[in-house]
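Colleague: Next come the chains, spelled out residue by residue.
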Amino acid sequence: MFENYLPIAILAGVAVVLAILLMTLSRVLGPYRPNKTKLDPYESGMDPVGDAANRYSISFYLVAIAFIVFDVEVVFVYPWAVSYLDFGPGTLVSMIIFILELYVGLIYLIKKGALDWDLKKGMFN
Amino acid sequence: MDSATTLTSLIIALPLLGFLVNGLLGLSSKSFRQRKALIGTIANLTVFIPFAIAVYFFINMGQDSAPIFVELFTWIEVGSFSVDIAYQLDQLSILMTLVVTGVGFLIHMYSVGYMWEDEGYWKFFAYLNLFIFAMLNLVMADNLLLLFLGWEGVGLCSYLLIGFWYTDMANSAAGSKAFWYNRVGDFAFLVAMFLTFQHVGSLDFDIILSSLEAIPADDKFWIAFLMFIGATGKSAQIPLFVWLPDAMAGPTSVSALIHAATMVTSGIYLISRMSAMFVMSPEVMMIIAVIGALTAIVAATIALTQNDIKRVLAYSTVSQLGYMFLALGSGAFTAAMFHVVTHAFFKALLFLGSGSVIHAMEHVEHGLHEEGKDVHFDPQDMRFMGGLKEYMPSTYKTFLIATIAIAGIPPLAGFFSKDEILAFTFNAGFAGFAEPLYMVLWGVGIVTAFLTAFYMFRLTFGTFNGEFKLPEKISEAAGAEKHLHESPKSMTIPLWTLGGLSVVGGFLGVPNFLLSTFTHQEEHINLLHNWLYNVTADYELGLSHSVEWILMTVSIFVAVGGVYTAYRMYGSGATEESDAKLADRFGVFYETWKEKYSLDEFYEGLVVHPIVRWSDKGLAKFDMKIVDGVVNTVGGVVRLFGSVFRYVQTGVTSSYALALVLGVILVLSMLIL
Amino acid sequence: MDYLHDINAFLPGVIVALAGLVTITIDAYKNDHGSIYGLTVFSLLAGLILSVMDMFGPVGEAFTGMITYGGVSAFGSSVVLFGALFCVLISREYLSAIDHEYGEVYSLLLIATAGMLGLVSANNLIMIFIGIETMSICLYVLAGIIKGQKIGAEASLKYFLLGAFSTGFLLYGMALLYGATGSLYLTEIAEGASSDLLFIAGAALLLVGFFFKVSAVPFHMWTPDVYQGTPTTITAYMATASKSAAFVALLIVLSKMIPAETANWAGVIEVIAILTMVMGNLIAIVQDNIKRMLAYSSIAHAGYLLVGLAAGTPEGYSAVLFYLFAYTIMNIGAFGVVAYYERQQGLDFTDINNYVGLGFKKPLMGVLLSFFLFSLVGIPPFVGFVGKYLIFAAAINAGYIALAVILALASAASVYYYLRPMVYMYFKDPHKDVPLVRSGIVFRSTLVVLAALTLYFGIAFGDLHNLLSSFYTADWVTHLVGQ
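Keeping their order, the protein sequence lines are chains A, B and C. Residue 1 is where the first sequence starts when you use this note's numbering, and the numbers rise one by one after that. Residue 1 is where the second sequence starts when you use this note's numbering, and the numbers rise one by one after that. Residue 1 is where the third sequence starts when you use this note's numbering, and the numbers rise one by one after that.
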């Protein structure tokens, strides 16, 4: 059964080798003048080390959650679209119902001001 | 639903409805409690309509009609065991239903006036209706379990109503006493029920009675015996009768309804219902007869020493119940039911009459207070009464009728029923089992009959004849008689109705020989015998007509003798002087009677005291160290576990998650390892 | 055609879900609680009537076998809708009295109910998962619906974290089952079942997920905290509808999907049942907060229900179904009365010590609470007695004598804590004069109806019990009995 894993092993091997190769090359070829800022790991511009109880704006999460919901919608819609010819038109109704349901949620979000970045106007006033 | 089902449901449901309406509305609305006329109407109607329906059933039922079974719904069904909420209307249960609803209705009506000034008016009627409901379940049930429910229900109502004026500790204590003594009996009944079920596999009467041969003789004895013990509790027989006199603490109409006419006869009903089984164990029949006769005479002797008008009646009830058990034990189930019916008439009447008297005496006390005289006396003590017949003619006349009826003077109700019982007891003296004993019991019955006539007339004369004694007893109460009044119509109408029934009730069971002697052929003029012929398993009455005539003559003479003696001694109303004479004549015996055979003390001494003393001396240490220790340890451990486990509930989510993981490990390891 | 048949088979769920969407839209546009409430009650009532009728109808499958209708599913739907309806009826007055009536409450309740309906109708693991999640996510939000209240936020967060954790097990279990049998349909899984590790581990993890939802010990830890922190009428909903839904689904899974001979399943349930009964009752004894007390009591009742499942006979299953209904009636009632007292100002009326002397002040409420508590104890002639008796009898007949004895003992211990509020209410003098407000007519009559039902089904339970037993004489459980 292990031969099934062979491509994965090859891929992993290539990845490791390539990473080591690239790091070694840049170290050997480029100039090397380290300081504290340069040694920080890069995390989308955020400070990766700090207080765990760091406070974010709640709006950030609201938008993030709303985003995930519609993200998941796409996850459903793509495979459905690909197999639409196999499924037949009946599933079109199902998909419309599904999207309408999400639409209701979107209306609710907007009306309640969840997408309002200004907290004073939004749902947390 | 056919009409029989509908009507039966109505009989059962209406009293319950009355209870619910009066109870719930009274509980939730203060203004409703004040609307006494409405409450009274609801309570009366919900008993009267069932009575009317029962009459309808009665008219449509012939003596040979098959029983009507009405199955409302299945209550319990587990495997082969099933109990239905089902009722059986046959000749016996319709008779009891008529008594319960009929007398019940009269007493409801009477209570409207009697309880008018009581604050708990609504509560009283709610309880009363609940009682009727439970009692109807008892008499109409078609299986033992439903009967037992009714049996417990009436016990509960009795407890509630005895302690109705619960602010007085003595009343509450009386209620508890009734409750505990009944528990002893109920326990026996339950065991009997289990035994029956074990052998028969069903609790339906018709199944039990048709498969009696499935029960081994030994167990038949035990079932019958235990059922009888159950009956002695509810029907106040030796050794469990001491609760009934105390039960007089309740309102008088309750005493009339529950403790004279209906509930206390449920033991007799039960045995009559199961009569086919009882006749198969003559030993139990003998025990029943002995206990009945003993109770009859013991209670009668106590009754003639009492001065509290209601207590006399209470002991008289116990004594009459004893008669009924004597009848059961002599195989005279019909006669017992006959006496149940006639007794319901005249004893209810006596109680209601005494209630009327007490009502009047309370008014005297009240009137004196209003005059500004601070006079206190016991309104139930007949030593303060006397001469009331001038002031309360209706009460007097009806009371007198009832007294004549209970004394056994022909042709009033009590005569025929009592005569039949005595005839059957005599008859049982030739029935082949313990013959001499039954002869002795017959003698006891005759003596009791004499005593009954005597003490009842003592009571009547002492209350109504002679002078009104209150003013001479308490000087301040001079002129108190002007406060004496007859009771209102709502109270006297039931009295007269019951009076009428007490006069004619006896004709239900005129002995056959009265006619046979003249026609020289077999006659069936005993209506009740004809009616119950199919239901009860009476012994054959094998006496010749001449013997029956002699027996009847004897019982007439005895009754008249009792009345005459009472008239000679008490006719002038000189109660206390004559009591003193009696005490002189009978010395130690009188003392014993007066002390009620020290039965209460006997129970105290035999059961309560030893327990208390042991507990105090020997058991106390054992109790404190070991029993308490164990109990406290168990309780403590339980609480401790609770307290420890509650700390597992830390409130910290991660520890909850840990518990969850441990649970997963537990489940997996149980399955996989 | 097929489509209509499917919709028709799941009509109660469709109605309720649709009502959920409509109410949330109404709520988005205007603050009209009246119409939202009206629509909620109407849709739940309509669903209830439909699913009750469905109980007497045929049994079948719909949505390509994803769901079943009729029989047990219809009964489960009825219980869930009954619970939801009565909780909504008492919720409005309670929520507006504590000044936190939001339109979202009703929408969430409806959507959660739709999830439960899916759960009790499920015939496929995916359906079970969707049902459970739809239900749970709504409940997480409902637990913390009162914004700015710490105890509610704590309840909500704890419930969510632990719920997510347990869902992990549930989902993992499903994945293993799929791996072991190659199907997600319950009956097909049963056909492919074997005693190999993969199947047993999968089924066990699935059970764990359910044990969490029905709050069986030791997966119960969230229950008291969440019940205490949630607004009381919502707690009633959680304790009854969601628990009933989870139990019905567990029953379906056990009876349809897990063949008894693959492993000692009954043994596991037996142990969990004993733990649950004992712990639930023991800890309830020391509670002073009536909501926590009722939470532990609901744990204890889960234990009794597990006894019926351990019995594993048709008799046991029908007893469990009956008990779920009984439990729903009396628990909503008890929480309802607590909700009534709780909204009085001045004292914390979730503390049992503050119930002193209340019985005579508002006699109706006192009597009602006594009814429900008596029924919870299991005293005849209340419905609680019947339920307990049926389970007891089923356990005895299936040979689980020890379980039956423990059930009896645990019930005996429960008398202490159930009667305690009554002792306080009736036998102690009030220590402080608190004016009690009058409850509204809907609130009051809802509770009275519930009380009447505890009594009615305590006496006339024969028909319902026969109906429930008939579910198992049909070939609905061919699998269970056949093998």
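Don't read these hints as lab results, they were simulated from the structure. Among the hints, erroneous ones may be present.
So, partial list: chain B residues that the calculated Cβ filter (under 8 Å) puts toward chain C [claimed, not checked]:
{"no.": "1", "residue": "25"}
{"no.": "2", "residue": "27"}
{"no.": "3", "residue": "31"}
{"no.": "4", "residue": "32"}
{"no.": "5", "residue": "34"}
{"no.": "6", "residue": "37"}
{"no.": "7", "residue": "67"}
{"no.": "8", "residue": "68"}
{"no.": "9", "residue": "69"}
{"no.": "10", "residue": "653"}
{"no.": "11", "residue": "657"}
{"no.": "12", "residue": "660"}
{"no.": "13", "residue": "664"}
{"no.": "14", "residue": "672"}
Mimicking DSS-like on lysine-lysine, the simulated pairs with C-alpha atoms at most 27 Å apart in a straight line are [stated by the list, open to error]:
{"no.": "15", "chain 1": "C", "residue 1": "361", "chain 2": "B", "residue 2": "30"}
{"no.": "16", "chain 1": "A", "residue 1": "112", "chain 2": "C", "residue 2": "428"}
{"no.": "17", "chain 1": "C", "residue 1": "362", "chain 2": "B", "residue 2": "123"}
{"no.": "18", "chain 1": "B", "residue 1": "30", "chain 2": "C", "residue 2": "30"}
{"no.": "19", "chain 1": "C", "residue 1": "428", "chain 2": "B", "residue 2": "30"}
{"no.": "20", "chain 1": "B", "residue 1": "489", "chain 2": "B", "residue 2": "473"}
{"no.": "21", "chain 1": "C", "residue 1": "150", "chain 2": "A", "residue 2": "112"}
{"no.": "22", "chain 1": "A", "residue 1": "112", "chain 2": "C", "residue 2": "361"}
{"no.": "23", "chain 1": "C", "residue 1": "147", "chain 2": "A", "residue 2": "111"}
{"no.": "24", "chain 1": "C", "residue 1": "147", "chain 2": "B", "residue 2": "123"}
{"no.": "25", "chain 1": "C", "residue 1": "362", "chain 2": "B", "residue 2": "36"}
{"no.": "26", "chain 1": "B", "residue 1": "594", "chain 2": "B", "residue 2": "482"}
{"no.": "27", "chain 1": "C", "residue 1": "361", "chain 2": "B", "residue 2": "36"}
{"no.": "28", "chain 1": "C", "residue 1": "428", "chain 2": "C", "residue 2": "361"}
{"no.": "29", "chain 1": "B", "residue 1": "482", "chain 2": "B", "residue 2": "389"}
{"no.": "30", "chain 1": "C", "residue 1": "150", "chain 2": "B", "residue 2": "123"}
{"no.": "31", "chain 1": "C", "residue 1": "428", "chain 2": "B", "residue 2": "177"}
{"no.": "32", "chain 1": "A", "residue 1": "111", "chain 2": "C", "residue 2": "30"}
{"no.": "33", "chain 1": "B", "residue 1": "177", "chain 2": "B", "residue 2": "389"}
Derived CB-CB ranges, DEER-like [stated by the list, open to error]:
{"no.": "34", "chain 1": "C", "residue 1": "419", "chain 2": "B", "residue 2": "64", "range": "18 to 28 Å"}
{"no.": "35", "chain 1": "B", "residue 1": "524", "chain 2": "C", "residue 2": "405", "range": "36 to 46 Å"}
{"no.": "36", "chain 1": "C", "residue 1": "419", "chain 2": "B", "residue 2": "606", "range": "28 to 38 Å"}
Positions of the beta carbon are idealized from the N, C-alpha and C atoms, including for glycine.
Colleague: Now, for every hint given, state plainly whether the structure supports it.
Modeller: Hint-by-hint comparison with the structure:
no.: 1; hint: 25; verdict: violated (11 Å)
no.: 2; hint: 27; verdict: holds (5 Å)
no.: 3; hint: 31; verdict: violated (14 Å)
no.: 4; hint: 32; verdict: violated (12 Å)
no.: 5; hint: 34; verdict: violated (16 Å)
no.: 6; hint: 37; verdict: violated (23 Å)
no.: 7; hint: 67; verdict: violated (22 Å)
no.: 8; hint: 68; verdict: violated (21 Å)
no.: 9; hint: 69; verdict: violated (16 Å)
no.: 10; hint: 653; verdict: holds (5 Å)
no.: 11; hint: 657; verdict: holds (6 Å)
no.: 12; hint: 660; verdict: holds (5 Å)
no.: 13; hint: 664; verdict: holds (5 Å)
no.: 14; hint: 672; verdict: holds (6 Å)
no.: 15; hint: C:361 - B:30; verdict: holds (12 Å)
no.: 16; hint: A:112 - C:428; verdict: violated (50 Å)
no.: 17; hint: C:362 - B:123; verdict: holds (17 Å)
no.: 18; hint: B:30 - C:30; verdict: violated (43 Å)
no.: 19; hint: C:428 - B:30; verdict: holds (22 Å)
no.: 20; hint: B:489 - B:473; verdict: violated (31 Å)
no.: 21; hint: C:150 - A:112; verdict: holds (23 Å)
no.: 22; hint: A:112 - C:361; verdict: violated (43 Å)
no.: 23; hint: C:147 - A:111; verdict: holds (19 Å)
no.: 24; hint: C:147 - B:123; verdict: violated (48 Å)
no.: 25; hint: C:362 - B:36; verdict: holds (22 Å)
no.: 26; hint: B:594 - B:482; verdict: violated (34 Å)
no.: 27; hint: C:361 - B:36; verdict: holds (23 Å)
no.: 28; hint: C:428 - C:361; verdict: holds (12 Å)
no.: 29; hint: B:482 - B:389; verdict: holds (14 Å)
no.: 30; hint: C:150 - B:123; verdict: violated (47 Å)
no.: 31; hint: C:428 - B:177; verdict: holds (25 Å)
no.: 32; hint: A:111 - C:30; verdict: holds (10 Å)
no.: 33; hint: B:177 - B:389; verdict: violated (36 Å)
no.: 34; hint: C:419 - B:64: 18 to 28 Å; verdict: violated (53 Å)
no.: 35; hint: B:524 - C:405: 36 to 46 Å; verdict: violated (59 Å)
no.: 36; hint: C:419 - B:606: 28 to 38 Å; verdict: holds (34 Å)
In this structure, the earlier hints numbered 1, 3, 4, 5, 6, 7, 8, 9, 16, 18, 20, 22, 24, 26, 30, 33, 34 and 35 are contradicted, and the remaining ones agree with it.
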